[in-house]
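**Student:** In case you want the letters, here they are:
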Amino acid sequence: MNVSRWPLAGLLLAISVSAQAADPTAVYGKGGANTAAMACVTCHGAEAEGMAAAGFPRLAGLSAVYMQRQLADFASGERANPIMQSIAAALSPEEADAVTTMLANKPRPDVERIGRTAAAQGLGETLALRGAWERNIPECVSCHGPGGVGVGDSFPPLAGQSAQYLSSQLIAWRQGTRKNDPNDLMGHIARGLTEDEIKAVSAYFANLTDTGAGR
Amino acid sequence: MRTHTSALLLFALAIPAHAADIAMEDQSQIRIGTADPASRTYFQPPQESELPDNAFGKLVQEGRAIFVDTKNRAPEYVGNGLACANCHLEQGRKANSAPLWAAYTMYPAYRKKNDKVNTYAERLQGCFQFSMNGKAPEADGPVIAALSAYSYWLATGAPTAQELPGRAYPQVPEPEGGYDLAKGQQVYAAQCAVCHGNNGEGQKSGTDYVFPPLWGADSFNWGAGMHRINTAAAFIKESMPLGKGGSLLDEEAWHVAAFMNSHERPQDPRMIDGSVEKTRDKYHANDGVNLYGETVDGKLLGKGI
Numbered sequence: 424m425n426v427s428r429w430p431l432a433g434l435l436l437a438i439s440v441s442a443q444a445a446d447p448t449a450v451y452g453k454g455g456a457n458t459a460a461m462a463c464v465t466c467h468g469a470e471a472e473g474m475a476a477a478g479f480p481r482l483a484g485l486s487a488v489y490m491q492r493q494l495a496d497f498a499s500g501e502r503a504n505p506i507m508q509s510i511a512a513a514l515s516p517e518e519a520d521a522v523t524t525m526l527a528n529k530p531r532p533d534v535e536r537i538g539r540t541a542a543a544q545g546l547g548e549t550l551a552l553r554g555a556w557e558r559n560i561p562e563c564v565s566c567h568g569p570g571g572v573g574v575g576d577s578f579p580p581l582a583g584q585s586a587q588y589l590s591s592q593l594i595a596w597r598q599g600t601r602k603n604d605p606n607d608l609m610g611h612i613a614r615g616l617t618e619d620e621i622k623a624v625s626a627y628f629a630n631l632t633d634t635g636a637g638r
Numbered sequence: 353m354r355t356h357t358s359a360l361l362l363f364a365l366a367i368p369a370h371a372a373d374i375a376m377e378d379q380s381q382i383r384i385g386t387a388d389p390a391s392r393t394y395f396q397p398p399q400e401s402e403l404p405d406n407a408f409g410k411l412v413q414e415g416r417a418i419f420v421d422t423k424n425r426a427p428e429y430v431g432n433g434l435a436c437a438n439c440h441l442e443q444g445r446k447a448n449s450a451p452l453w454a455a456y457t458m459y460p461a462y463r464k465k466n467d468k469v470n471t472y473a474e475r476l477q478g479c480f481q482f483s484m485n486g487k488a489p490e491a492d493g494p495v496i497a498a499l500s501a502y503s504y505w506l507a508t509g510a511p512t513a514q515e516l517p518g519r520a521y522p523q524v525p526e527p528e529g530g531y532d533l534a535k536g537q538q539v540y541a542a543q544c545a546v547c548h549g550n551n552g553e554g555q556k557s558g559t560d561y562v563f564p565p566l567w568g569a570d571s572f573n574w575g576a577g578m579h580r581i582n583t584a585a586a587f588i589k590e591s592m593p594l595g596k597g598g599s600l601l602d603e604e605a606w607h608v609a610a611f612m613n614s615h616e617r618p619q620d621p622r623m624i625d626g627s628v629e630k631t632r633d634k635y636h637a638n639d640g641v642n643l644y645g646e647t648v649d650g651k652l653l654g655k656g657i
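Going down the list, the protein sequences come from chains G and A.
Heads up: the first sequence begins at 424 in my numbering, then just goes up one per residue.
Heads up: the second sequence begins at 353 in my numbering, then just goes up one per residue.
Worth flagging that the hints you see were computed from the coordinates, not collected in a lab.
Some clues are possibly wrong.
[Unchecked claim] Once the Cα atoms are required to be at most 16 Å apart in a straight line, the calculated EDC-like pairs of lysine to aspartate or glutamate come out as: (1) 465(A) <-> 633(A); (2) 596(A) <-> 576(G); (3) 596(A) <-> 604(G); (4) 634(A) <-> 474(A); (5) 464(A) <-> 474(A); (6) 596(A) <-> 557(G); (7) 535(A) <-> 649(A); (8) 556(A) <-> 576(G).
[As the list claims (entries may be wrong)] From chain A, some residues computed to sit far from chain G (all C-beta separations above 12 Å): (9) 413; (10) 474; (11) 516.
We put the CB at the ideal spot given by N, CA and C, even for glycine.
Please build the complete structure, drawing on both the sequences and the hints.
**Tutor:** In structure tokens, the structure reads:
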């Protein structure tokens with residue numbers, strides 16, 4: 424929760440219930456006030472662990488700011504996804520705030536923090552830990568952190584996501600259907616990857632975790 | 353940029369006299385032009401997979417590990433949040449990113465910085481004292497041994513005492529009319545802050561920096577080569593934003609380099625009598641373009657943090 428807002432919310436609760444009263448658990452489990460804002464749980468799972476086979480991402484433990492930005496970008500089409508576009512557009516700002524904050528406080532996947540000191544074997548791990556600098560592709564961990572655990576509000580965790588989701592995003596960047604990364608930092612990388620590399624690096628990060636949709 | 357190369361080459365022919373006046377040391381002492389398409393084929397260091405599985409291979413790997421995770425692998429000698437690989441991209445392999453294979457083969461060499469002929473070990477010690485704001489590892493100790501082995505291995509087959517293409521960072525001409533801190537701040541906010549933070553503080557994962565701090569107590573000190581705006585501009589132009597090197601205009605690289613280096617950072621360890629003025633006269637007055645000892649926004653830079 425946005426802590427600094429609590430005292431204010433408390434004061435205003437009696438007079439203006441609807442604006443501040445978004446219940447994140449209800450939004451997640453049953454959907455928003457607008458029925459077009461369908462329940463998150465249907466696709467993202469009971470514990471927000473995602474649904475690997477369908478490529479629906481884990482949300483548990485992601486940065487709230489990151490998720491709020493994604494919702495805004497789904498609504499605007501910067502991140503094209505027909506299902507999420509209508510849901511994001513139908514969520515009220517209060518609902519989006521509440522549900523992303525609740526999700527951010529859920530546990531992150533617990534993975535080994537493998538960094539650049541480790542040996543790199545195979546295509547996926549080599550990209551993750553060494554990059555492909557002849558194509559100006561940095562090591563994935565140089566921005567997403569060791570083990571792909573995510574860094575700050577702009578570099579989301581890769582660990583804990585399924586190979587299906589990760590590869591679908593790399594393909595979306597390559598095709599330009601996802602273009603909401605700062606300064607095309609991810610787009611130019613995705614466009615430089617081969618199909619085999621996308622598969623291999625997605626599998627690498629997906630298999631790092633033993634929680635969430637990675638397995 | 354490449355379309356301008358012939359003009360830059362002509363320009364380069366015209367500047368040696370001027371360059372000599374500046375009396376730069378360290379990377380700036382090195383005679384290098386801007387990126388030269390004729391030398392796009394750079395020396396290729398060996399692949400990691402070619403490393404032998406023996407004591408030598410292990411020492412090289414230890415050197416590589418220190419290079420990419422310096423604070424954790426050589427903690428006694430590191431006084432900030434940086435790693436060697438922050439400024440030497442691709443683990444010291446990348447051409448035009450001060451690759452180790454081009455440096456190793458040029459030592460022993462005279463350096464103005466300490467006015468003597470330096471061995472490669474002494475050159476590495478300098479990195480720890482200044483760029484890493486720490487203390488020099490013993491010349492015959494394990495850290496220098498591992499880093500030297502890694503450098504030596506990367507330089508396998510490279511000629512000694514020849515300036516290889518791709519050495520250091522390609523110089524970027526200073527904009528006509530000089531650099532502009534306000535414009536630099538704009539470039540910083542638009543291009544750099546997403547990784548390095550709004551106040552140059554870098555970003556961590558757990559206790560380790562993923563994105564290095566660019567100024568402040570955890571960054572390089574006032575004696576590091578990167579404190580020179582010309583050196584920082586050259587690095588930035590070639591390598592930043594990470595993976596998108598060459599995307600900034602020359603003047604943007606200068607403006608943002610100046611902005612970065614207009615902030616306080618750890619003291620120059622060579623400081624004389626606690627005096628910024630004396631230290632400036634001796635070590636900074638003829639050291640490229642820098643703001644040490646200058647007053648920016650009413651604050652004298654160089655006192656340390």
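**Student:** Are the hints correct? Go through all of them and say.
**Tutor:** Against the structure, the hints come out as follows:
Taken as a hint, the residue 465(A) and residue 633(A) pair is honoured in the structure, with Cα atoms around 14 Å apart against an allowance of 16 Å. For a cut-off of 16 Å, the pair hint linking residue 596(A) to residue 576(G) is broken: about 20 Å separates their Cα positions. For the suggested pair residue 596(A) and residue 604(G), the alpha carbons sit about 13 Å apart, so the restraint of at most 16 Å is met. Taking the CA atoms of residue 634(A) and residue 474(A), the gap is near 21 Å; set against the 16 Å cutoff, the hint is violated.
This hinted pair checks out: residue 464(A) and residue 474(A) have alpha carbons roughly 13 Å apart, not beyond 16 Å. At roughly 12 Å between alpha-carbon atoms, residue 596(A) and residue 557(G) fall within 16 Å of each other, so this suggested pair holds. The suggested pairing of residue 535(A) with residue 649(A) holds, with an alpha-carbon distance near 15 Å, which does not exceed 16 Å. With a CA separation close to 12 Å, the supplied pair residue 556(A) and residue 576(G) stays within the 16 Å bound.
The non-interface label for residue 413(A) is inconsistent with chain G: the shortest C-beta to C-beta separation is roughly 8 Å, within 12 Å. The non-interface label for residue 474(A) is consistent with chain G: the shortest C-beta to C-beta separation is roughly 26 Å, beyond 12 Å. Every CB of chain G is more than 12 Å from the CB of residue 516(A) (nearest about 17 Å), matching its label as outside the interface.
Consistency note: the structure conflicts with the earlier hints numbered 2, 4, 9.
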